[in-house]
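Generate coordinates for the entire structure from the input sequences, incorporating the hints supplied.
Taken in order, these protein sequences are the chains called A and B. Note that the numbering used here numbers the first sequence so that position 134 is 134, with each residue one more than the last. Note that the numbering used here numbers the second sequence so that position 79 is 370, with each residue one more than the last.
Hints may be right or wrong, so weigh each one.
[What the hints assert, rightly or not] List time: in silico DSSO-like cross-link candidates among lysine-lysine, alpha-carbon distance up to 27 Å:
id, chain 1, residue 1, chain 2, residue 2
1, A, K200, A, K87
2, A, K86, B, K578
3, A, K243, B, K578
4, A, K10, B, K578
5, B, K370, A, K114
6, B, K578, A, K242
[Stated by the list, open to error] Not the full set, but computed from the structure, chain B residues with beta-carbon under 7 Å of chain A:
id, residue
7, T351
8, A545
9, T550
[To be verified] Using C-beta positions, here's what the derived DEER-type ranges look like:
id, chain 1, residue 1, chain 2, residue 2, range
10, A, D7, B, W537, 31 to 37 Å
11, B, F498, A, G277, 23 to 29 Å
12, A, L33, B, F498, 45 to 51 Å
13, B, L488, A, R15, 21 to 27 Å
Because the hints were derived from the structure by calculation, they are not lab data. From a predicted model like this one, the values you see are computed outputs, not experimental measurements. No residue lacks a Cβ here, since even glycine has one placed at the ideal position from N, Cα and C.
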Amino acid sequence: MIDIMYDILKNLDRRWIFLLMFLSVGIPILFQLQFPEKPTGLAKAVFKEIENLDEGDRVLLAWDFEPATEGELGPMATAFALHCCKKKVKMYFLSLLPVGPQMIDETISGIVEKDFPDLVYGQDYVNLGYKSGYEGVIKVIITDLRGLYSTDARGTNIDQIPMCQDVESVQDMDLILSVSGSYPGTKEWVQYAATPYPDKVRIVAGCTGVQSPLLYPYIPEQLPGLLGAIKGAAEYEKLVVKKYGGLEPDPIYQEGIRRMGPQLVAHVLMIVLIVVGNIVYFMQRARGERT
Amino acid sequence: MKRETLIWTLLLVLGGGFLAYRAMSSGVGSIYVQEIDGVEREARGVDVVAGTAVLSWSRTGGTWVAALFTLCIFSFLYKDNPFYKFAESVVIGVSAAYWMVVGLWSVIIPNLLGKIFPAWVQSWAMPGLSPLREQGWFWNIIPLVLGVMLLWRLAPKGGWIARWPLALIIGTTAGIRLVGFMQADFLSQIRNSILPLVVTIDGTFDFWTSMQNGLMLVGILTCLVYFFFSIEHKGVVGKVANVGIWYLMITFGAAFGFTVMGRIALLAQRLEFLFDDWLWLIDPAGKRIGF
Chain A
1 MIDIMYDILK
11 NLDRRWIFLL
21 MFLSVGIPIL
31 FQLQFPEKPT
41 GLAKAVFKEI
51 ENLDEGDRVL
61 LAWDFEPATE
71 GELGPMATAF
81 ALHCCKKKVK
91 MYFLSLLPVG
101 PQMIDETISG
111 IVEKDFPDLV
121 YGQDYVNLGY
131 KSGYEGVIKV
141 IITDLRGLYS
151 TDARGTNIDQ
161 IPMCQDVESV
171 QDMDLILSVS
181 GSYPGTKEWV
191 QYAATPYPDK
201 VRIVAGCTGV
211 QSPLLYPYIP
221 EQLPGLLGAI
231 KGAAEYEKLV
241 VKKYGGLEPD
251 PIYQEGIRRM
261 GPQLVAHVLM
271 IVLIVVGNIV
281 YFMQRARGER
291 T
Chain B
292 MKRETLIWTL
302 LLVLGGGFLA
312 YRAMSSGVGS
322 IYVQEIDGVE
332 REARGVDVVA
342 GTAVLSWSRT
352 GGTWVAALFT
362 LCIFSFLYKD
372 NPFYKFAESV
382 VIGVSAAYWM
392 VVGLWSVIIP
402 NLLGKIFPAW
412 VQSWAMPGLS
422 PLREQGWFWN
432 IIPLVLGVML
442 LWRLAPKGGW
452 IARWPLALII
462 GTTAGIRLVG
472 FMQADFLSQI
482 RNSILPLVVT
492 IDGTFDFWTS
502 MQNGLMLVGI
512 LTCLVYFFFS
522 IEHKGVVGKV
532 ANVGIWYLMI
542 TFGAAFGFTV
552 MGRIALLAQR
562 LEFLFDDWLW
572 LIDPAGKRIG
582 F
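Okay, structure coming up:
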C-alpha cells in the first residue's frame, strides 16, 4: 500500500495539485465559509492612527495599486475609505500608477458617492489622479504640490478647488494612507516622505503579501501601522465594521473577512502538500533513488 | 482521437452546455443599471423587478469578455495553448496603448505643453488650466528638448543623441534612490536597531518586549557575521554565522508564506468574480435579491 502511494506521489502530475488548489479555494467561496478574525497589534495601530484624526483633518489617500493586486488590496482600500468618511476627514486621492485612477474611481463611486451622498466633491474629497515619475512625484509634492498638480483628475484648476487652496505640499497632510501593490508604493512614501520629514509626515499603509516582509523593518518608527495582505485587511475590516458598520453591516465592507475562508482551506492544503512532498523526498533518499 | 483532445472536447462541451443552461434559466453575466442623480450606477435585483433599471449591453459584454479572458489565462495551468497566447497578447497590446495614452494626457499635455503654451492647451484640452504662464515657465523647454533628443533613437541617423538624456535619467534616478536608501534604509535602520535589552514599564520588568529586542539584536549581529566573508566561517564565527542562516531561513519562510497568501487572495478574487458576477452561483453582496 505504501509502495503504491509512494509511486503515485512520486510521479504525480502537477496539474492534480492545481486542481486541488482550485477546489480548496473554490469550494469555500461557493459555500461562503467564514472564520472569526481577531485583530492584531498592527491592525489596531492603523485603526488608532485614523481614529486619532479630528473632523476636517487632511488625509492623503495614495491608491498605488492596480487590478492585478485588487484582490488583496481592494478590501483594505474600501475599509480605509469607509473609516475616513465616517471620521469626516478631507480626503485627497492620488495614484503613482497609470491604472490607479480606475481604482480611485471605484472607491469614489462605490463607497463615497454611494454611501455618503452628503460629501461634496472639492470640499470633502478630491481626486488628483495619476502623475508619472515614480518616486520623483513624491520628491516634488513633499515640498510643492502645485509643482506637479496644476489641475485635479477632472481638469479643474487646483486653485479653484476649496479644499486644495490652503494646501502647499504633502507636509500639510495630517496622515498619509498608502495602499500599495508594487513599485512605486509604500516603500517610496516611507523613503521620500515619512523619513525625511519625521515630525511633519505620518503614514500608515496596507500592502500585498509580497511587499510585507520588505516593510516590516520600518515598523514602528518610520511606519506606525501596516496591514499585511488579505489577513491585515480582514483584521482592520473587523475593527472598522465593529465600530461603524451598524447592526447589519453592508457585505461590501466585509470582503476581506470573506476571503479569509478560502485562505484557511488553501493554507491547510499547502501545509499538507509541503509535508507530503518532504516525506516523498526523504523516502527517495532512504531508497537510494536520490542523492 | 487523442486522449488530450478528448479531455479538451469534453470540457468545452460540458462548460458550454452549463453556460447555455445558466443563460436560459437565469440571466448569467447580465448587468443592469439605473440612473441616480445623473450618474449611471449598477442596479440591484429589486430595482430590476421594480422596472427602474435597464440591461446595460456594454457592461454585460464587459463581464463576459473579462470572464472568458480569465478562463483563457487559467487554461495555461493545463498547458500552453492558443487561447492563452491570444489573451496574453491582448493584455500586452492593451497595456502598451493604455500607458501611452495616459502618459500623453497626464504628463505631456498638463505638465509640459500646459506650462509652455497654457492658453493654447486651455482652449482645446484643459478648460480648468490657467491661460497665464507661470513664473519661470521657460525652464520647461529643457525637458521638451531632452524629450525630443530621447525620441531621436527612432531616427535612422544620430541615435547617439538619445544617450545624453538617457544618461541624465540614469544619473538622477541613481542619485535620488541613493539618498532615499541612505536615509530610510541605512541610517534610520541603524537608529531603529538601538533598543534597550531590559525594558521596564512603570518600574516592572517587561519580559516579552525585552526578549523581542534581544532576539532582534542577536538576529542583526548574526546575519551581519554571515555576510562577513573576510574571515573564514570556522569555529565561533562559523557557529554565529549558522545562527544567522537560521534567521535568514525563517525570514525567507515568512516571505514565502506571505507570497502564498497573496496569490491565493488573487485566485479567490477571480473565482469570486466568475461565481458571482458571471455565473450568478453566489451573491455575497446581495446584489440579485429579488430576481
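Here is what the structure says about each hint:
1. A:K200 / A:K87: With a Cα-Cα distance of about 21 Å, the restraint between K200 (chain A) and K87 (chain A) holds, given a limit of 27 Å.
2. A:K86 / B:K578: Measuring from Cα to Cα gives roughly 24 Å; hence the hint holds.
3. A:K243 / B:K578: 24 Å, holds
4. A:K10 / B:K578: Judged against 27 Å, a Cα distance of about 46 Å means the pair is violated.
5. B:K370 / A:K114: 43 Å, violated
6. B:K578 / A:K242: Holds, because 23 Å separates the two Cα atoms, which is no more than 27 Å.
7. T351: 19 Å, violated
8. A545: Holds. Min distance 6 Å.
9. T550: Check passed: Cβ of T550 (chain B) comes within 5 Å of chain A, closer than 7 Å.
10. A:D7 / B:W537: 31 to 37 Å: 35 Å, holds
11. B:F498 / A:G277: 23 to 29 Å: 38 Å, violated
12. A:L33 / B:F498: 45 to 51 Å: Between L33 (chain A) and F498 (chain B), where Cβ atoms are some 38 Å apart, the hint is violated.
13. B:L488 / A:R15: 21 to 27 Å: Violated, since L488 (chain B) and R15 (chain A) (Cβ atoms, about 52 Å apart) do not stay within the stated range.
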